[in-house]
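Student: Sequence:
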Amino acid sequence: MEVNIHEAKTHLSRLLRRVAEGEEITIARAGVPVARLVAVEHAKNVRPLNMDRGRVWVADDFDAPLPPDLLAAFEGETDPEPPAKPRRRRK
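Read in my numbering, the sequence shown has 127 at position 79, and its numbers run on one by one without any break.
Note that these hints are calculated values from the structure, not bench results.
C-beta: ideal position from N, C-alpha, C; glycine also.
Keep in mind that a hint or two might mislead.
[To be verified] Label-pair restraints from in silico Cβ distances:
{"id": "1", "residue 1": "Ala91", "residue 2": "Leu114", "range": "32 to 42 Å"}
{"id": "2", "residue 1": "Glu55", "residue 2": "Asn98", "range": "26 to 36 Å"}
{"id": "3", "residue 1": "Thr74", "residue 2": "Arg103", "range": "24 to 34 Å"}
{"id": "4", "residue 1": "Val94", "residue 2": "Leu60", "range": "56 to 66 Å"}
{"id": "5", "residue 1": "Glu123", "residue 2": "Gly70", "range": "47 to 57 Å"}
{"id": "6", "residue 1": "Leu64", "residue 2": "Arg101", "range": "37 to 47 Å"}
{"id": "7", "residue 1": "Arg138", "residue 2": "Pro115", "range": "51 to 61 Å"}
{"id": "8", "residue 1": "Phe110", "residue 2": "Lys133", "range": "27 to 37 Å"}
{"id": "9", "residue 1": "Pro115", "residue 2": "Ala91", "range": "19 to 29 Å"}
{"id": "10", "residue 1": "Thr74", "residue 2": "Asp111", "range": "26 to 36 Å"}
{"id": "11", "residue 1": "Pro96", "residue 2": "Phe122", "range": "45 to 55 Å"}
{"id": "12", "residue 1": "Ala87", "residue 2": "Lys57", "range": "32 to 42 Å"}
{"id": "13", "residue 1": "Thr58", "residue 2": "Lys92", "range": "15 to 25 Å"}
{"id": "14", "residue 1": "Val86", "residue 2": "Thr58", "range": "46 to 56 Å"}
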């Protein structure tokens with residue numbers, strides 16, 4: 049399908065819908081083609097299985113219970129102490 053620039057500007061949403069359905073649209077100025085609307089191919093993000101085998105490890109105790117003080121901090125039961133302010137040196 050070929051459309052002029054004015055028609056392309058006026059009906060861009062409609063033309064893009066047709067392009068998404070697989071149609072190719074040429075935009076022309078004074079009957080001379082200047083651009084082509086085509087659908088973009090989406091790159092497939094395929095990662096091979098086991099690509100990091102031997103490079104990643106999980107500690108044996110990764111799911112062990114947290115120490116009580118750390119668990120309490122995560123649950124908001126205790127307020128951690130604010131960090132000490134550095135003292136200024138006098139000249």
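Student: Each hint should be assessed against the structure and marked as holding or not.
Tutor: Quick rundown of the hints versus the structure:
About 41 Å separates the C-beta atoms of Ala91 and Leu114, a value consistent with the hinted range of 32 to 42 Å. In this structure the hint that Glu55 and Asn98 lie 26 to 36 Å apart at CB is violated, the actual value being about 53 Å. Look at Thr74 against Arg103: about 50 Å separates their beta carbons, and that is not inside 24 to 34 Å. For the pair Val94 and Leu60, the beta carbons lie near 33 Å from each other, so the given range of 56 to 66 Å is not met.
At roughly 54 Å, the beta carbons of Glu123 and Gly70 sit within the given window of 47 to 57 Å. For Leu64 and Arg101, the hinted distance range of 37 to 47 Å is satisfied, since their beta carbons lie about 43 Å from each other. Between Arg138 and Pro115 the beta carbons are some 41 Å apart, a value that contradicts the proposed interval 51 to 61 Å. Look at Phe110 against Lys133: about 36 Å separates their beta carbons, and that is inside 27 to 37 Å.
At roughly 45 Å, the beta-carbon separation of Pro115 and Ala91 lies outside the given 19 to 29 Å, and the hint is violated. A hinted range of 26 to 36 Å for the beta carbons of Thr74 and Asp111 is inconsistent with their spacing of about 60 Å. At roughly 36 Å, the beta carbons of Pro96 and Phe122 sit outside the given window of 45 to 55 Å. Between Ala87 and Lys57 the beta carbons are some 20 Å apart, a value that contradicts the proposed interval 32 to 42 Å.
The supplied range of 15 to 25 Å is broken by Thr58 and Lys92, whose beta-carbon atoms lie about 35 Å from each other. The given range of 46 to 56 Å is broken by Val86 and Thr58, whose C-beta atoms sit roughly 20 Å from each other.
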